[in-house]
Amino acid sequence: MAGSSCNGAPSLEAVPSHGQPFWLLAELTYKCPLQCPYCSNPLDFAGHDGELSTAEWIEVFRQGRELGAVQLGFSGGEPLVRQDLIELIREARQLGYYSNLITSGVGLNERKVAEFREAGLDHIQVSFQAADDEVNAMLSGSKKAFEQKLRIAREVKAQGYPMVLNFVTHRHNIDRIDRIIELCVELQADYVELATCQYYGWAYENRQQLLPTRAQLERAERITNEYRDKLAAEGNPIQLIFVTPDYYEERPKGCMNGWGQVFLTVTPDGTALPCHSARMLPIEFPNVREQSLEQIWHRSTGFNHFRGDDWMQEPCRSCDEKEKDFGGCRCQAFMMTGDAAATDPVCSKSPHHDQIVSARRQAELGSIESEFIYRNERNSRVFYKG
Amino acid sequence: MIDQASVPSLNPMFRLQWEPAQQAHVLLYPEGMVRLNGPAGEILARVDGQRPVERIIAELALKFPEAEGIDGDILEFLAEAAQQNWVQL
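Residue numbers (the numbering used here), protein chains in the order written: chain Z, 1 to 386; chain B, 1001 to 1089.
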């Protein structure tokens, strides 16, 4: 998803070489009742406090809309933790955004689902950890979450919202993909994201326990294709979106459609990022408390850092695919090579590609017997202190 | 073949709006967007669950008198839009 392009003429006097921030992702808080071991929040989230106020968020939304942003995501952490969520939804609707609530469903109830609809919320995405109670509880760290999610998903449809169900898949749940798809059909999802885990943040720490084998993946993709055909033949409009993990590719993904091209994230404390993982990079990123979004998007060092291709090294610089994948993911390059401007090691041309090959080999050998490092306040403090 | 008396409506899973920053109508859906060209936007803006197809054709023929074969184009687009699940006929 979020794949549509956005090439409209920018309305600003100085015509920039990049597009508009089509997508504004508002990470309202890092607080979350769950502790999924593949969370995309930074490892040291416990060290970032001082959340933006209601008025500050509304000002961010106003400025984003002026820059041409259309899609607004309420994310986190768990955005429902914010008591002012309904106010933010109402404001987003008035500004003309299409608003998306990206939630675990924990903390949602029938009354809120209806009130949010009334306030103008367009869509609710409910994330699941698995299609059964036991695995869901193991991954989320909550015994009651699964039943709650089912209840909320039914309510979301009853209120007439379009619904996306999101399953992060990995070696512990991917073999049950048939059950996952059947659950989504039963819940009348409009879109299903079968998103193979991306290895950043907490997921990178837990990679050995999460990365599926190639055989697991191929089987899951085959089953998904079989369901697609079967459901289409039955006239079911449900759309199954299968996201393959880049660890089994030989060329990197065109991460975020290019650095600072269509996507703008604002973190709970107001730091503006070109993607939700970028906070880990050794780059200074601007803050909405100090600069306008217009300055941030067009003129900040952080957002201009990897625009264009002047920053590229070999083998990217002379590669004829650089326009297609932009050298891959900057965060992945940094995590694996220590250099944010290096070629993404997923690329078979990268001198560091052996790290990807060895992760695949480890996946074949089986999960090691160590425990997950869960995403919670206590574990985060360890990373915060370094 | 589309019955000209039928009344098309927008699939409630989509939201249509005019985007000043893009000078275009866009069709919005969860986490995505279709940017419509001028004629597509003019047609979908009239798909409201009240106007029958023949009235949409009449309105656009009046607005764009120089456009030849406009009814064929409209019917073709509506069929395509139904195929895409944007419109229910």
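Hints are computed from structural coordinates only; laboratory data are not their basis. Check the hints yourself; a few may be wrong.
What the hints assert, rightly or not - Simulated DEER-style distance windows between Cβ atoms:
hint : chain 1 : residue 1 : chain 2 : residue 2 : range
1    : Z       : Ser318    : B       : Gln1023   : 36 to 44 Å
2    : B       : Gly1049   : Z       : Asp84     : 29 to 37 Å
3    : Z       : Arg151    : B       : Leu1075   : 42 to 50 Å
4    : B       : Leu1075   : Z       : Gly254    : 33 to 41 Å
5    : B       : Ala1079   : Z       : Gln362    : 38 to 46 Å
6    : B       : Gly1049   : Z       : Glu221    : 25 to 33 Å
Claimed, not checked - Facing chain B, from chain Z, some residues (calculated, C-beta under 8 Å):
hint : residue
7    : Gly120
8    : Gln125
9    : Gln159
10   : Asp190
11   : Glu234
12   : Pro237
13   : Pro282
The beta carbon of each residue, even a glycine, is placed where N, CA and C say it ideally should be.
Original post:
Which of the listed hints are broken here?
Top reply: 5, 6, 7, 9, 11 and 13
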